[in-house]
Amino acid sequence: MKNSPKAFVLLCFITATAIVLAGCDQPKKAPAGEGEATGTAGSSSSFEVNNSLKGKVVVEGSSTVEPISIKAREEFNKRFTKVNVSVSGQGTGNGFKALANKECDFSDASRPVKEKEFKLCQEAGVSFVEAPVAYDGLTVVVNKNNTFIKSLTVDQLKKIFREDFAAKTWSAVDASWPDKKIAIYAPGIASGTHDYFVEVIGKKDNKGLRSDSQTTLSEDDKTLVTGVAQDEFAIAFFGYSYFEANQDVLKAIPIVNPKTDTPVAPSIASIESGEYAPFSRPLFIYINVENYQRLEVETFVDFYLENAAMLAKEARYVPLPQSIYDMVCDNLEQGKTGTHFLDDQGEKRSGGLEAVFKPENLRAR
Amino acid sequence: MEKFYTTPRSETNRKAKNRYFSTLCLLVCGLVVLTLITLLTSIFITGGSWLSWEFLFAGHLEDNPEESGIWQAIIGSIAMCVLCALCALPIGIGTAIFLEEFQPRNKILRALHWLVQLNINNLAGVPSIVYGILGVTAFVYMFSYFPSITPNDPPYCEVGAEYRYQLKTLGGDFVNFPCPDKNDKEFRITEPLEAVNSQGSPFVLNVVDTRSQAPKNDPVLLKQTVVKGKRPSAYAVKSFFYFHLPFGKTVLSSGLTLGLVILPIVIIASQEALRAVPASLREAALGMGATKWEAVREVVLPAATPGFMTGAILAMSRAVGEAAPVLAVMGGVLVTTNGLTNLMAKTPVLPVTIYKWAGDENVGFEHLAAAAIIVLLVLLLVMNSIAILIRSRYEKMLG
Chain F
1 MKNSPKAFVL
11 LCFITATAIV
21 LAGCDQPKKA
31 PAGEGEATGT
41 AGSSSSFEVN
51 NSLKGKVVVE
61 GSSTVEPISI
71 KAREEFNKRF
81 TKVNVSVSGQ
91 GTGNGFKALA
101 NKECDFSDAS
111 RPVKEKEFKL
121 CQEAGVSFVE
131 APVAYDGLTV
141 VVNKNNTFIK
151 SLTVDQLKKI
161 FREDFAAKTW
171 SAVDASWPDK
181 KIAIYAPGIA
191 SGTHDYFVEV
201 IGKKDNKGLR
211 SDSQTTLSED
221 DKTLVTGVAQ
231 DEFAIAFFGY
241 SYFEANQDVL
251 KAIPIVNPKT
261 DTPVAPSIAS
271 IESGEYAPFS
281 RPLFIYINVE
291 NYQRLEVETF
301 VDFYLENAAM
311 LAKEARYVPL
321 PQSIYDMVCD
331 NLEQGKTGTH
341 FLDDQGEKRS
351 GGLEAVFKPE
361 NLRAR
Chain X
1 MEKFYTTPRS
11 ETNRKAKNRY
21 FSTLCLLVCG
31 LVVLTLITLL
41 TSIFITGGSW
51 LSWEFLFAGH
61 LEDNPEESGI
71 WQAIIGSIAM
81 CVLCALCALP
91 IGIGTAIFLE
101 EFQPRNKILR
111 ALHWLVQLNI
121 NNLAGVPSIV
131 YGILGVTAFV
141 YMFSYFPSIT
151 PNDPPYCEVG
161 AEYRYQLKTL
171 GGDFVNFPCP
181 DKNDKEFRIT
191 EPLEAVNSQG
201 SPFVLNVVDT
211 RSQAPKNDPV
221 LLKQTVVKGK
231 RPSAYAVKSF
241 FYFHLPFGKT
251 VLSSGLTLGL
261 VILPIVIIAS
271 QEALRAVPAS
281 LREAALGMGA
291 TKWEAVREVV
301 LPAATPGFMT
311 GAILAMSRAV
321 GEAAPVLAVM
331 GGVLVTTNGL
341 TNLMAKTPVL
351 PVTIYKWAGD
361 ENVGFEHLAA
371 AAIIVLLVLL
381 LVMNSIAILI
391 RSRYEKMLG
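Which chain is which? The protein sequence lines are F and X, in order.
For the first sequence, our numbering gives the first residue as 1, with consecutive numbering after it.
For the second sequence, our numbering gives the first residue as 1, with consecutive numbering after it.
Rather than coming from a laboratory, the hints here were simulated on the basis of the structure.
Here the structure is a predicted model, which is why all the values come from computation and not from measurement.
Even for Gly, the Cβ is constructed at its ideal location relative to N, Cα and C.
Hints are supplied without guarantee of correctness; some may be wrong.
Each pair of labels, with its calculated beta carbon distance range [claimed, not checked]:
| hint | chain 1 | residue 1 | chain 2 | residue 2 | range |
| --- | --- | --- | --- | --- | --- |
| 1 | F | Q345 | X | L39 | 22 to 28 Å |
| 2 | X | L39 | F | S213 | 45 to 51 Å |
| 3 | X | I78 | F | K348 | 22 to 28 Å |
| 4 | F | K82 | X | L39 | 30 to 36 Å |
| 5 | F | R349 | X | G200 | 48 to 54 Å |
| 6 | F | R349 | X | Q213 | 55 to 61 Å |
| 7 | F | K82 | X | L31 | 50 to 56 Å |
| 8 | X | I78 | F | V49 | 49 to 55 Å |
| 9 | X | L39 | F | R349 | 51 to 57 Å |
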């Protein structure tokens, strides 16, 4: 009995070393998915590496915008190696809270600022510049084997997702569809994606998303994907980039554009052109102008906006027209702070990004 | 004839029942082993081939699992473990000595003693996320007693930071020079002063009154020129002992929080170690005229030390695997720019890295998560075997 512990320990050590060594000699498995396509970022032309710029940049906010900011950090750190950029994605609402509390240099947002948050910043004496950085197409997805849904109208989506209709079965939405229970998977209430979807289907009637036993809410997009991938009669919605990464198990449903009355499938082209309506949305960063005066923040934000189109593509989003990026840079340079999405009464302006994001719509702060 | 005993059930029936029960036990046991084997195999199949030296020594890269690695997470885990040991071991062992060796006779103190013991037993079962929330209040914000940390202002009670100003010259060079007052946000450049350029060589800043006076034809001088009235921005050069209050979302906060998580475990294990020291040793020391403290210091503690160490290492291996309190305190950090240069920095750790990778939208990271699990398992295996080694020595010593 006395010797057995030693033998066990020896065994443990041998196994441990064996595991490490065995693993280390093997070649890596072929990459799964399309991850390898994005190696080094667009402008791989030679750049000067700078080790003298120092300091810290703090970014908080939307988990939808987080991949763009992380990509920006990665590329920026290749050029400016000593600037410590910390990015965290705790949700758009938390990002604005941090912005108002001066806890971050800029915040990521998957929707424009709300009246309440705008007021909060005003009270705290925080002025920000509003900067759209990319488009995201909110995508409605079903199981790959689902053949009965060819397209969906906004009205049908209301029947499926809204708390007052809350259709129990597919046949209740369309008589020709099977008499099976609908299983709904949706992002949780803290996410900007949830807010945006509810805004489209229920804002006017002041109705929210259903939350009955047929609905699963989760902040983890992976839960939504697995849910739909395993259930032929399930439906879910999330950001376009997430659908693109999981196309092999999911099917995106074309949405009928209310203006042209034709179903449009989500794609980079249809999102950029605005045809994929009403479910394409702009993503933003909101920059605290006081913090922008710090050299490291200025350099990072300038880099972010200069390369926003490339960064958006790398994070699998859709770039904005160059004119919008140019306008943001002008606003930053001239210190034009405030939001374009709220009118003087605090009501949200409606319309596409290019219609709203105009100098005359700026509500100064 | 009257029976004085009940008839035993048939011999075969009893034996059969015995056999059934042993088989049942064996089956249950096999089920457990089977689960473990399935788990290990699936992890090895998913992650085994992704293990490599590059994986061990690289950092996380977004959307690029092929070149990502866990070096920072390993360093972070070790640092956090050391912090947590430094905080939990002295307090834990001290408490155990108080509870076991200095049992009070006074009635009130006895009640206190009983209360402490009861609390420790209960605390050992509290879920670690609860400690996480406690850590956020107690260490990250320090009950909001100090002003909160904002990127624009120097934090309260700062130690080990040297402030410098930096600015971009007209030629696009990033230069810096010492900052005499870190709270002065209105400092403007009015006269030439000595600065360091981005190559690290000193020069004298050339100040011009307006942009039009800039020496446009001399690129070298242009790189050293600024317009009068330019406002530089301050930054902190942090030394390795950099410190501020409140601790914020840093490695120190999470180390201390993990210390709280394992404190009850350390106390209970140390109590066991003290109880295992034969009473005869204590009595002999006391009988020789030693005071209680002398008996504890010279006799009991040396005999219990291997037991303390075993308990400590087992507690540490619990701490290494904890994700929830670290997530609550520090957030889901995957990589930092400068690595772990001081205690007031964030750092990734192994369990959090595994959690984040397993949920990443790039499926390649699932394999990396499995590979990281293997590394974590190896780490735990090594730690546990050290504990067993110490225990076997200890058993030998006490004969």
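Hint by hint, here is what the structure shows:
Roughly 59 Å separates the CB atoms of F/Q345 and X/L39, a value that falls outside the hinted 22 to 28 Å. For X/L39 and F/S213, the Cβ-Cβ distance of about 32 Å falls outside the hinted range of 45 to 51 Å, so the restraint is violated. Between X/I78 and F/K348 the beta carbons are some 50 Å apart, a value that contradicts the proposed interval 22 to 28 Å. The beta-carbon spacing between F/K82 and X/L39, approximately 42 Å, falls outside the hinted interval of 30 to 36 Å.
With their beta carbons about 51 Å apart, F/R349 and X/G200 fall inside the hinted range of 48 to 54 Å. Distance hint for F/R349 and X/Q213: a CB-CB separation of about 45 Å, inconsistent with the stated range 55 to 61 Å. Remark: the range hint 50 to 56 Å for F/K82 to X/L31 is upheld by a beta-carbon distance near 54 Å. Between X/I78 and F/V49 the C-beta distance comes to about 30 Å, which lies outside the given range of 49 to 55 Å.
The given range of 51 to 57 Å is respected by X/L39 and F/R349, whose C-beta atoms sit roughly 54 Å from each other.
Of the numbered hints stated above, those contradicted by the structure are hints 1, 2, 3, 4, 6 and 8, listed in ascending order.
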